[in-house]
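2 protein chains.
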Amino acid sequence: MQERVDEKSVSPLYLRVRDHLAAQIAKGLLTPSTRLPSERILAEEHDTTRVTTRLALAQLEAEGRIYRSNRRGWFVSPPRLIYKPTHDYSFSENVTAQGRVPATETLDVTSTHTNSWLATRTGMAIGDPIVWLRRRRQIDGRPVLVENIYLNPKRLPGIETYNFDRSLWKLLREQYGVELRGKQIEMYPTALVDPQASAIGVTAGTAGLYVTRCSRDADGCFVEFDEEFWLHDALSIQVEVS
Amino acid sequence: MQERVDEKSVSPLYLRVRDHLAAQIAKGLLTPSTRLPSERILAEEHDTTRVTTRLALAQLEAEGRIYRSNRRGWFVSPPRLIYKPTHDYSFSENVTAQGRVPATETLDVTSTHTNSWLATRTGMAIGDPIVWLRRRRQIDGRPVLVENIYLNPKRLPGIETYNFDRSLWKLLREQYGVELRGKQIEMYPTALVDPQASAIGVTAGTAGLYVTRCSRDADGCFVEFDEEFWLHDALSIQVEVS
Numbered sequence: 001m002q003e004r005v006d007e008k009s010v011s012p013l014y015l016r017v018r019d020h021l022a023a024q025i026a027k028g029l030l031t032p033s034t035r036l037p038s039e040r041i042l043a044e045e046h047d048t049t050r051v052t053t054r055l056a057l058a059q060l061e062a063e064g065r066i067y068r069s070n071r072r073g074w075f076v077s078p079p080r081l082i083y084k085p086t087h088d089y090s091f092s093e094n095v096t097a098q099g100r101v102p103a104t105e106t107l108d109v110t111s112t113h114t115n116s117w118l119a120t121r122t123g124m125a126i127g128d129p130i131v132w133l134r135r136r137r138q139i140d141g142r143p144v145l146v147e148n149i150y151l152n153p154k155r156l157p158g159i160e161t162y163n164f165d166r167s168l169w170k171l172l173r174e175q176y177g178v179e180l181r182g183k184q185i186e187m188y189p190t191a192l193v194d195p196q197a198s199a200i201g202v203t204a205g206t207a208g209l210y211v212t213r214c215s216r217d218a219d220g221c222f223v224e225f226d227e228e229f230w231l232h233d234a235l236s237i238q239v240e241v242s
Numbered sequence: 001m002q003e004r005v006d007e008k009s010v011s012p013l014y015l016r017v018r019d020h021l022a023a024q025i026a027k028g029l030l031t032p033s034t035r036l037p038s039e040r041i042l043a044e045e046h047d048t049t050r051v052t053t054r055l056a057l058a059q060l061e062a063e064g065r066i067y068r069s070n071r072r073g074w075f076v077s078p079p080r081l082i083y084k085p086t087h088d089y090s091f092s093e094n095v096t097a098q099g100r101v102p103a104t105e106t107l108d109v110t111s112t113h114t115n116s117w118l119a120t121r122t123g124m125a126i127g128d129p130i131v132w133l134r135r136r137r138q139i140d141g142r143p144v145l146v147e148n149i150y151l152n153p154k155r156l157p158g159i160e161t162y163n164f165d166r167s168l169w170k171l172l173r174e175q176y177g178v179e180l181r182g183k184q185i186e187m188y189p190t191a192l193v194d195p196q197a198s199a200i201g202v203t204a205g206t207a208g209l210y211v212t213r214c215s216r217d218a219d220g221c222f223v224e225f226d227e228e229f230w231l232h233d234a235l236s237i238q239v240e241v242s
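Order-wise, the sequence lines are chains A and B.
full-length UniProt numbering applies: residue 1 is where the first sequence begins, and numbers increase by one.
full-length UniProt numbering applies: residue 1 is where the second sequence begins, and numbers increase by one.
Isolated chain A (complex conformation):
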């Protein structure tokens, strides 16, 4: 981790302020969701200017250690949600298992047609009917991701009529007898742009993680393509190989 201080550093002043705050967070002297002292007080404590203090805070934000809440100041980031892509659990199950509270909000459901971008990723033909679902998900009341989900109405007739403010996987299992198999997952860092950034409540350009997952049923039939835009500081991906 970057909070180690075992490397002799001749770092600029703002990085020394950053190192000091990062060490306090790492040691648990500043705990998750704690509000940091004001910029003025931090500047005094570190015997430096507010400009330097702001640089240090921006750096800690970029690393995902603190976050800004509109007009309420800076807070220590909650722990990252551990996500194990090889495990078979839903978002809600995973968040709950880590002692936190999930929430899901449906933003929009549209019956539309497969475009070329989606055809390449799903194996559907261009023009095939597809159901496009937009949702926002929260952990402990904080929006952490928005997602575009594309569902195959041939495999899931009437899917657009359900309530999606719940686990989609459970719905697929219980209402359609679908057990998802053969998931292909891709993940990379990106910046959030609109409409995703504003749906999460952050400014365009905020760092994020882009995750896509294509899921098929036991017969190899395309069921669901999920495109997730995560806040950069909200999750940690873990993979175990034996």
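It is worth saying that the hints were derived from the structure and are not from the lab.
Some hints here could point you the wrong way.
[What the hints assert, rightly or not] Only pairs whose alpha carbons sit at most 30 Å apart, straight line, appear in this in silico DSSO-like list of lysine-lysine:
| hint | chain 1 | residue 1 | chain 2 | residue 2 |
| --- | --- | --- | --- | --- |
| 1 | B | 183 | A | 183 |
| 2 | A | 183 | A | 170 |
| 3 | A | 84 | B | 27 |
| 4 | B | 27 | A | 183 |
| 5 | B | 183 | A | 27 |
| 6 | A | 84 | B | 183 |
[To be verified] FRET-style restraints, in silico, Cβ to Cβ:
| hint | chain 1 | residue 1 | chain 2 | residue 2 | range |
| --- | --- | --- | --- | --- | --- |
| 7 | B | 82 | A | 13 | 37 to 45 Å |
| 8 | A | 33 | B | 194 | 26 to 34 Å |
| 9 | B | 161 | A | 89 | 44 to 52 Å |
| 10 | B | 54 | A | 41 | 28 to 36 Å |
[Claimed, not checked] Some residues of chain A that are not near chain B, with every Cβ distance over 12 Å (derived):
| hint | residue |
| --- | --- |
| 11 | 59 |
| 12 | 123 |
| 13 | 149 |
| 14 | 160 |
| 15 | 190 |
All residues carry an ideal CB built from backbone N, CA and C; glycine is no exception.
Mind docking chain B on chain A? Use the hints.
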């Protein structure tokens, strides 16, 4: 992907410039490593100001679609290296298999002792001897990551005397008969700080991906802990679950 234009947008002007350039990249009209026209020319082409153009370029940089080369302007990013954490290949093998040219440079080798941070992650005892190796790796001549590798000299006697400008896994296999088993991998977005940022040649605060990997041999003995700091636009992680 964010280049789709199927969402009606009332986006600010800089995002429209961004969308136009992103579409040109997506369509292959601007190919990897192509230099973009100057900011002045882009501003004229889009009938806008240089300030707006710069906002659009910064956004595309944050998304990993373009990168800046010192004093030489903006270039279209090369494709992300596909990294499949469940597959058993070295960096060099993986880069070569994707038709690109890997290079590895040893920055430093130090015989030191296990600190508490490392003890938690490796199962070594605090104070145990450990060999700390720092390397920088390139793809097609562009530095994409720096790494701290911690090696267990009890399992790998004399390891500090080898040349590390090559595949470490090959070295472990050929010289020590080690087949790595039981890898634990963790990945999350972060910002690069020094000394990593300057070793890669980017400014502190540039977006990155932080990857750690703890590897053991077939008997469960700790062999290697690898801590990698990747440039945000250099790789894409893929996981397949069947």
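Here is how each hint holds up against the structure:
At most 30 Å may separate the alpha-carbon atoms for a hinted pair to count; residue 183 (chain B) and residue 183 (chain A) meet this at roughly 21 Å. For a cut-off of 30 Å, the pair hint linking residue 183 (chain A) to residue 170 (chain A) stands: about 16 Å separates their Cα positions. Restraint check for residue 84 (chain A) and residue 27 (chain B): the C-alpha separation of about 33 Å exceeds 30 Å, so the hint is violated. At roughly 27 Å between alpha-carbon atoms, residue 27 (chain B) and residue 183 (chain A) fall within 30 Å of each other, so this suggested pair holds.
Between residue 183 (chain B) and residue 27 (chain A), the direct Cα distance comes to roughly 27 Å. Compliance with the 30 Å bound is thereby established for this hinted pair. Only pairs whose Cα atoms come within 30 Å are accepted, and residue 84 (chain A) paired with residue 183 (chain B) is accepted, the gap being roughly 14 Å. In this structure, residue 82 (chain B) and residue 13 (chain A) meet the distance hint of 37 to 45 Å, their C-beta atoms being roughly 40 Å apart. Between residue 33 (chain A) and residue 194 (chain B) the beta carbons are some 29 Å apart, a value that agrees with the proposed interval 26 to 34 Å.
Our hint of 44 to 52 Å for residue 161 (chain B) and residue 89 (chain A) holds, since their Cβ atoms are close to 46 Å apart. At roughly 34 Å, the beta carbons of residue 54 (chain B) and residue 41 (chain A) sit within the given window of 28 to 36 Å. Against the 12 Å criterion, residue 59 (chain A) falls within the reach of chain B, whose nearest CB is about 6 Å from its own CB. Separation of residue 123 (chain A) from chain B is adequate, the least Cβ-Cβ distance of about 15 Å exceeding the 12 Å criterion.
Distance to chain B confirms residue 149 (chain A) as a non-interface residue, since its nearest Cβ pair spans about 15 Å, more than 12 Å. Distance check for residue 160 (chain A) against chain B: the nearest CB is about 18 Å away, which clears 12 Å, and the non-interface claim stands. For residue 190 (chain A), the condition that its CB be more than 12 Å from all CB atoms of chain B is violated, with the nearest at approximately 5 Å.
Consistency note: the structure conflicts with the earlier hints numbered 3, 11, 15.
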